[in-house]
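Novice: Protein chains in written order, with our numbering: chain A, 26 to 525; chain B, 17 to 330.
I should point out that these hints are in silico values taken from the structure, not numbers from a laboratory. Do not take every clue at face value.
To be verified - 20 angstroms max Cα-Cα, derived SDA-like pairs, lysine to any residue:
1) B:324 to A:428
2) A:421 to B:21
3) B:193 to A:392
4) A:421 to A:397
5) B:193 to A:393
6) A:421 to B:193
7) B:324 to A:425
8) A:368 to B:209
Stated by the list, open to error - To give a feel for the contact side, a few chain A residues facing chain B, derived at Cβ under 7 angstroms:
9) 356
10) 364
11) 375
12) 387
13) 392
14) 394
Glycine residues also receive a C-beta, built at the ideal position from the N, C-alpha and C atoms.
Spelled out from the first residue to the last, the chains are:
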Amino acid sequence: MYELRKVDKKFPGVHALKAVDFKVNRGEIVGLVGENGAGKSTLMKVIYGAYQPDGGTITIDGTAVRFQNPRQAMEHGIGMVFQEQSLITNLTVMENIFLGYEAQFVKFGVIDWKAMAEAARRQLAKVKLDINPATITSELSFAQRQLIELAKVLTLEERIDGDLVILLDEPTSVLAKEEVELLFKLVRELTNRASFIFVSHRMDEVLDLSDRIYVMKDGEVVDVVDHDAAEVDAIQHKMVGRDVDKEYYREQKQQPYGDEVLVSFDTVSAGNRYKDISFDLHRGEVLCLVGTEGSGREAILRTIFGLQTPTSGQVTIKGQPISSFNARASVDLGVGYVPRERKVEGIVAGMNVYENMTLSQMQNYSNAGVLRTGEEKSLARTWIERLAIKTPNENKDCGGLSGGNQQKVVLAKWRSGGSDIILLDHPTRGLDIGAKEDVYEMIRAMCDDGAGIILVADTLEEAIGLSHTILVVKDGEFQKRFDGRPGDKPSLYDLVHHMI
Amino acid sequence: MTLETLKPYLPWITLFVLAGIVGAANPAFFNPVGLVALVADITPLFIMALGMTFAIYIGGIDLSVQQMANLVTVIATVYLAQFGIGVAFVCVIVGFLFGAISGFITTRLYVPSFVSTLAMGFVALSGAKFLSGERALSMDATLRDQSFGWMFGNTAGVPHELIIAGVLLFIAWFLQKRTTFGRALKAVGSGELAAVASGLNVDRIKILAFAISGMFAAIAGLMFSVKLSGGDANLANGFLLLAIVAVLVGGTPLTGGVGGVVNTVIGTLIVVVIRAGMVYLEIDATQQQMVFGIVLIAAIALTIDRSKLRGVVK
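Extracted from the complex, chain A is given alone in its bound form (with noise of 0.2 angstroms):
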């Protein structure tokens, strides 16, 4: 019934979808998997109207349909749950599930509240979930908040005449064992209601869950198979082009770490950030803090790079307490931070590749505040080589570098300084394959080197491969340790049980 032929999709320097071909039978749940990168956010982004694309057709019941924005596409019957969940969370449920809708319930210009519970309270229904409508959102858990994401794109049932495609962008992420089986089951009852896309890197619950899965790479669709011939290995050797196992993460690089201490939190707090957090980090030592969105990971980070002062505790960095918190100081002392908006926080658009990597050590390459450009400019000669960066030369603006020539450059920013305090928030976001694979040679070169490593990682199968430690958090405050020596790693749902 929806279907897309020879969809293309193109942006400046990438052709993000090639000639995809892909269809919606009612009542099926269609898997999309693929890397980041592969082209997955781009096709959905054009699938529930966000993208209009460059060619192809899109039809609805053999009917050419274009959307000029995701509201058209509901019309439409195109439901999206999001992610990042796209809730209101100041409102209450019912005010979300019908925001952007609650001209149905004005009466004599008011809103009738009773009407629109009793309104909320079918649709909560749908989902089996039995809260009261006028609870606010944001003291829900967040395996409730998807359901409301979910009941709320169900709304359009009675509001179109059409069936239902609904997306699921990563809807188990964060969620425990037993919450995904629930979730499920539902999807499953509710095929009678809608058709689904699910989009998951989880491969096992995309084969549990679909009837037939899409495979795509590089922007491409590279095979579609049902769920009776669906076999983890051979998707993921067609996802990735090869085979992915303990080499992927380079395990078998993973050295035993040092004794000295780099950092040391001693039951650190930071208001309602984070609270009472204790370890060390020592030389050579991945470290990767787990938890949820807002768990208090960031601000840990932001801490030691002397952005977020701690109400409470006592931070030493080398063997020095510190006192004053501010950036330049952690960075005197040796802490790099490569932050998770590579875009806007890790590089500035609109500087050359030189510019940036001295842009926090400019003290080295200036006399009395005048720049010598000669010493910067073959710095980065040095690095775009040694890293491998590919940029025609030093005076090329970073802006216009694929994203993981950009880590790059953040990258060689730090070490170039001499930085041996490292960290990464999310170093992998948005890059392909390739270019992961180098950021995950670069930390485990980093390691021999003898640099710490705290590390939020962008998914939990990366953070078990590359850490030695990992510790988990949830809503600010410490909840386990676990030590992953090679070949005797944490498992993905002995962190999840502890971070929900």
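We have chain A; now place chain B onto it with these hints.
Specialist: Here is chain B on its own, set in the frame of chain A:
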């Protein structure tokens, strides 16, 4: 060729096209003596715009410059007798401090610069009114010539105003292009979050940028005061709009990070040409601000980097 690739050249194209039009309508416009005089005449505005460039380059704006100049005309006139040439030092310090306070309010109290500088502008205006007793004051001609006679006149056919402007331009250019401070300004203007994440003291850099803007406004006010041989709280009125226009049509967008002081030279020249054109077309002085208002909107619309606004404009 798209508008994007054309963008860096737009100020030049605008300048030459406008000059061509004005010159075609009135060939006398290209008379070198007249041109030099026109340009020299606008020096105080240029200096003000030069300072403003620093505020806009970091993505802020300084709306206090005109009032700053007003205040300085009064200070210069009132204290000339007492301090002689030393009054220049007083003016520059006052300008620097006012700018620094605006910067402090912006960075430490999180008041957007368009509000903090507007408010500081009123403080300066009020100071000017108080100090002048709301009267137009004039300088003693002898004292003026003793201390500041060197500001005007000609050496080898070059008006001294232009030499002063050239020196200040060089200083501003050197600061922007050759120093760690200039590099930091660019980082703050292009990607403030990345500057923070590189350990730069962004607050201090911003405060300095506003201080420089205030300082240049003070120099502009001093020059204007000497030129007109007096001071009052409204003397520099009309400068603010032109200074903003000069920076923006020069190609330094409100979002900051690109352009710079050399662009402001082009921008100021565009202002000179538009002004000359309006005089030739006999556009009434009361309507000239309207023209510049429209030019300003067009310049902002053309130069602003919408990707930095992240879809939200309030």
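Novice: Run every hint past the structure and note whether it holds.
Specialist: Outcome of the hint check:
1. B:324 to A:428: Holds: residue 324 of chain B and residue 428 of chain A sit about 18 angstroms apart, inside 20 angstroms.
2. A:421 to B:21: Holds, at roughly 16 angstroms.
3. B:193 to A:392: Roughly 14 angstroms between the alpha carbons, so the hint for residue 193 of chain B and residue 392 of chain A holds.
4. A:421 to A:397: holds (18 angstroms)
5. B:193 to A:393: holds (15 angstroms)
6. A:421 to B:193: holds (17 angstroms)
7. B:324 to A:425: The given pair, whose Cα atoms are some 15 angstroms apart, holds under the 20 angstroms limit.
8. A:368 to B:209: holds (10 angstroms)
9. 356: holds (3 angstroms)
10. 364: holds (5 angstroms)
11. 375: Hint holds; residue 375 of chain A Cβ to chain B Cβ min 4 angstroms, cut 7 angstroms.
12. 387: holds (4 angstroms)
13. 392: Violated: closest Cβ of chain B sits about 10 angstroms from residue 392 of chain A, beyond 7 angstroms.
14. 394: The hint holds - residue 394 of chain A has a Cβ within 7 angstroms of chain B, the shortest such distance being about 5 angstroms.
Going down the numbered hints, you'll see the structure goes against just number 13.
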